[in-house]
Amino acid sequence: MNVWQCIVCGFIYDEALGLPDEGIAPGTAWEDVQHDWFCPECQAGKTDFIMELI
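Under this note's numbering, the letters of the sequence shown match residues 1 to 54, in that order.
None of these hints come from the bench; they were simulated from the model. Predicted model only: the values in this text are computed from it and were never measured. Any given hint might turn out to be false.
Below are the DMTMM-like pairs computed for lysine to aspartate or glutamate, each with C-alpha atoms no more than 20 angstroms apart in a straight line [claimed, not checked]:
no., residue 1, residue 2
1, K46, E31
2, K46, D36
3, K46, E15
4, K46, D21
5, K46, D14
Across the chosen pairs, the derived CB separations fall in these ranges [claimed, not checked]:
no., residue 1, residue 2, range
6, I12, Q34, 16 to 22 angstroms
7, L53, G23, 17 to 23 angstroms
8, M1, Q34, 24 to 30 angstroms
9, L17, F38, 24 to 30 angstroms
10, D32, E52, 14 to 20 angstroms
11, A44, G23, 24 to 30 angstroms
12, C9, D36, 16 to 22 angstroms
13, N2, P40, 23 to 29 angstroms
14, I7, D36, 17 to 23 angstroms
15, M1, G23, 23 to 29 angstroms
Ideal Cβ placement from N, Cα and C applies to all residues, glycine included.
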């Protein structure tokens, strides 16, 4: 599982945790998140996220 970070605000999307409040189940891979999903903190698009090495 990977971790993705918004380059605009620093919000973290952890594939292992998902975002249940946003309707994204734990274990959902980044590529499986809806293409039109937006960062819940700053409304940036998926293209504004980078994979973080952990």
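Beta-carbon spacing of L17 to F38 - inside the hinted bounds 24 to 30 angstroms or not: Roughly 18 angstroms apart at Cβ, these two residues miss the hinted range, so it is violated.
Range hint compliance [Cβ, A44 to G23, 24 to 30 angstroms]: violated (18 angstroms)
Whether the CB-CB distance between I12 and Q34 falls inside 16 to 22 angstroms: The hint (16 to 22 angstroms, Cβ to Cβ) holds, given that I12 and Q34 are roughly 18 angstroms apart.
Distance restraint between K46 and E31, which requires alpha-carbon spacing of 20 angstroms or less: holds (10 angstroms)
K46 paired with E15 [C-alpha distance capped at 20 angstroms]: Distance of about 14 angstroms is within 20 angstroms: holds.
Outcome of range test on Cβ distance (N2, P40; 23 to 29 angstroms): Violated, at about 18 angstroms.
Distance restraint between K46 and D36, which requires alpha-carbon spacing of 20 angstroms or less: holds (7 angstroms)
Range agreement (Cβ of D36 with Cβ of I7, hint 17 to 23 angstroms): Since the Cβ atoms of I7 and D36 sit about 18 angstroms apart, the hinted range of 17 to 23 angstroms holds.
M1 paired with G23, Cβ distance criterion 23 to 29 angstroms: violated (18 angstroms)
Distance restraint evaluation - M1, Q34, Cβ atoms, bounds 24 to 30 angstroms: violated (18 angstroms)
Verdict for D32, E52 (Cβ pair) under range 14 to 20 angstroms: Since D32 and E52 have Cβ atoms about 18 angstroms apart, the given range 14 to 20 angstroms holds.
C-beta pair C9, D36: status relative to the range 16 to 22 angstroms that was hinted: At 18 angstroms between Cβs, range holds.
Of the hints listed earlier, those the structure fails to meet are numbers 7, 8, 9, 11, 13 and 15, in rising order.
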